[in-house]
Amino acid sequence: MLLEIDDVSLLYGRIQALHGISLTVDEGEIVALIGANGAGKSTTMRAISGIRPVASGRIRFNGEDITKLRADLRVRRGLCQAPEGRGIFPGMTVLENLDMGAYTRRDRAGVAQDLNRVMELFPRLAERRKQAGGTLSGGEQQMLAVGRALMSRPKLLLLDEPSMGLAPMLIQQIFNIITEINEQGTTILLVEQNAQQALARAHRAYVLETGRIVKSGTGAELLHDPSVKEAYLGVA
Amino acid sequence: MTTTVKPPNPEQREAVMDRLRHGREAVAQRWRDAPRWVRWAVLAAVIVFFYALPNKEFYQYLGPIPTPGANFTQVMFTVSIYVLMAVGLNIVVGFAGLLDLGYFGFFAVGAYTVAVLTSPSSNIKTLWPWLLVVPVAIALTMVSGVMLGTPTLRLRGDYLALVTLGFAEMIRIAAVSSDFLKGQRGFNQIPHPPGKYTDGKPIFGVLDARPYYWLVLTLIIVVVIGVRNLTHSRVGRAWISIREDEDAAQLMGVPTFKFKLWAFASGAAIAGLAGALFAGKQNFVNSQNFELLNSIIILAAVIFGGSGNIVGAIVGGGLVAYMIERFRGIELFGLELYEYRFLFFGLVLVGMMIFRPQGLIPNRRRAAEFKDRRKEVIVGE
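Here the protein sequences come in this chain order: A and B. Basically our numbering = 1-based index in the first sequence + 2. Basically our numbering = 1-based index in the second sequence + 2.
I should point out that these hints are in silico values taken from the structure, not numbers from a laboratory. All residues carry an ideal CB built from backbone N, CA and C; glycine is no exception. Among the hints, a few may not be true.
What the hints assert, rightly or not - Covered by chain B, per the in silico footprint, the following chain A stretches (three or more residues, Cβ under 8 Å):
1) 17-25
2) 100-107
3) 196-203
To be verified - The calculated lysine-lysine pairs, modelled on DSS-like cross-linking and capped at a C-alpha distance of 30 Å, are:
4) A:K70 <-> B:K260
5) A:K132 <-> A:K157
6) B:K260 <-> B:K58
7) B:K198 <-> A:K157
8) A:K132 <-> A:K217
9) A:K70 <-> A:K231
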């Protein structure tokens with residue numbers, strides 16, 4: 003197992019956001035976490051990346067217990083998150099943003115190689131390399147966030163709502179890229195409201211409701227599960 | 003009869019603002035396009051100008067620039083201290099984005115360290131020479147910065163502003179009321195920096211402020227070179243990323259707490275140096291030197307000049323300190339303008355915040371961040 007989350011609970015002040023969540027991600031997989039607004043998807047991501055401390059439970063990454071490890075050290079272990087929405091650096095140019103993604107790395111040759119790869123994956127970013135991140139469109143910012151996370155060459159890439167606020171065509175495109183990244187060897191844990199796409203692309207998936215995992219299975223299983231269909235896919 | 007005041011047509015106003023912006027950008031563009039040697043020559047000329055400035059033979063030809071109500075050389079020394087502090091505070095506020103409302107507290111720590119360890123009126127009577135105490139003063143201010151920062155920089159938001167505000171007041175009150183720090187009576191006979199002319203007279207005397215000014219100016223140049231190198235390194239990139247989005251910075255593997263603490267401590271060290279220089283020149287330090295208002299002025303100066311930009315901080319610190327002194331000795335309709343200096347200062351600041359919130363000479367990134375935030379506000383409406 004690359005990532006193992008065991009019975010993790012998390013509090014925002016006195017409000018309990020996660021009630022004993024357990025999930026696993028195996029090497030090479032795309033795992034999706036779907037659920038409605040406020041179900042705790044992003045909170046789960048924050049717990050994994052270390053931005054929020056957990057109240058109880060264990061998180062193991064690559065065989066190591068990282069429950070209490072600082073967020074920046076988790077990045078050095080190979081766990082990198084593309085934050086939701088506007089999580090890019092608005093004042094830095096596209097190139098500077100991507101450069102920040104490689105902040106923990108010292109191998110210049112490898113970084114240059116990954117930069118080329120990101121530019122190939124996202125030609126739009128290549129066109130706008132000198133432009134300030136804040137001036138990009140929503141979709142471009144999303145791509146920048148994903149590209150920047152890739153620059154750390156993570157073992158496990160955490161994607162928080164990569165399709166949020168995008169036009170249908172762009173959604174297709176970003177999911178194609180996600181599949182491509184996975185095929186190139188990066189394990190992906192994906193949080194999505196767009197359950198249709200996420201389930202179609204994921205090897206396995208978990209359904210989150212009010213801070214608890216209520217269902218899990220392969221992407222195809224959940225895609226054809228009647229209750230999932232009703233609640234998340236908008237078909238009765 | 004009532005007259006309705008027409009609100010300025012927003013389009014017209016935008017047009018005027020646009021033209022101003024274009025004008026400035028054209029100047030900035032020309033500066034960037036200028037060949038390297040031109041830029042170096044201009045820089046050298048500016049530096050020579052400021053070294054020459056406190057000489058009477060030079061400034062008497064400068065028309066309204068010398069201050070009528072105060073010794074211009076003394077004023078220039080004060081201005082230089084403010085500029086040094088603005089450069090230091092710019093690291094904290096401008097680069098790392100940490101709101102420090104009590105920056106003058108560190109200045110006080112530096113000045114009092116020198117006073118306590120050198121003055122014969124101090125209780126401990128160590129009577130060290132000035133030069134020996136300067137590194138001690140810088141080290142102590144850094145330690146106090148780390149002590150203050152360690153608990154507070156882990157928190158987000160406005161805690162730091164409040165704690166630093168409290169810190170500056172604590173230092174001031176300790177200075178007023180503790181017997182060890184001598185309150186209003188203060189410390190006298192603080193030694194000057196060392197050095198003698200060939201005829202045996204000390205370089206750093208009581209009457210002539212010029213050597214002190216030159217010393218501070220030289221140190222400003224050294225500090226600016228250091229800060230510039232720092233901001234172009236990984237450290238600088240880490241600071242900027244923290245300022246722009248702390249969560250995202252951490253998600254990229256930046257140890258945010260460590261770098262915030264570094265910014266805070268290096269800013270403090272520069273204020274400590276300024277305090278030590280001040281004490282060495284003044285010869286006398288008492289509790290009246292450290293009013294809270296000074297912290298506010300220095301912060302306003304950084305924001306006024308353009309926080310996040312070293313040149314902006316220098317211009318802001320210099321202009322603000324100079325303008326305040328410039329009001330001295332001017333009478334208008336029987337009113338002594340100096341008494342109203344902070345009224346003008348406030349008006350200028352309010353105007354700035356409306357028309358140019360990013361400061362006189364903003365940082366390129368900072369300007370983009372402002373635009374980004376404005377967009378967010380519009381979306382939120």
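Hint numbers contradicted by this structure: Those not satisfied are hints 1, 3, 6, 7, 8 and 9.
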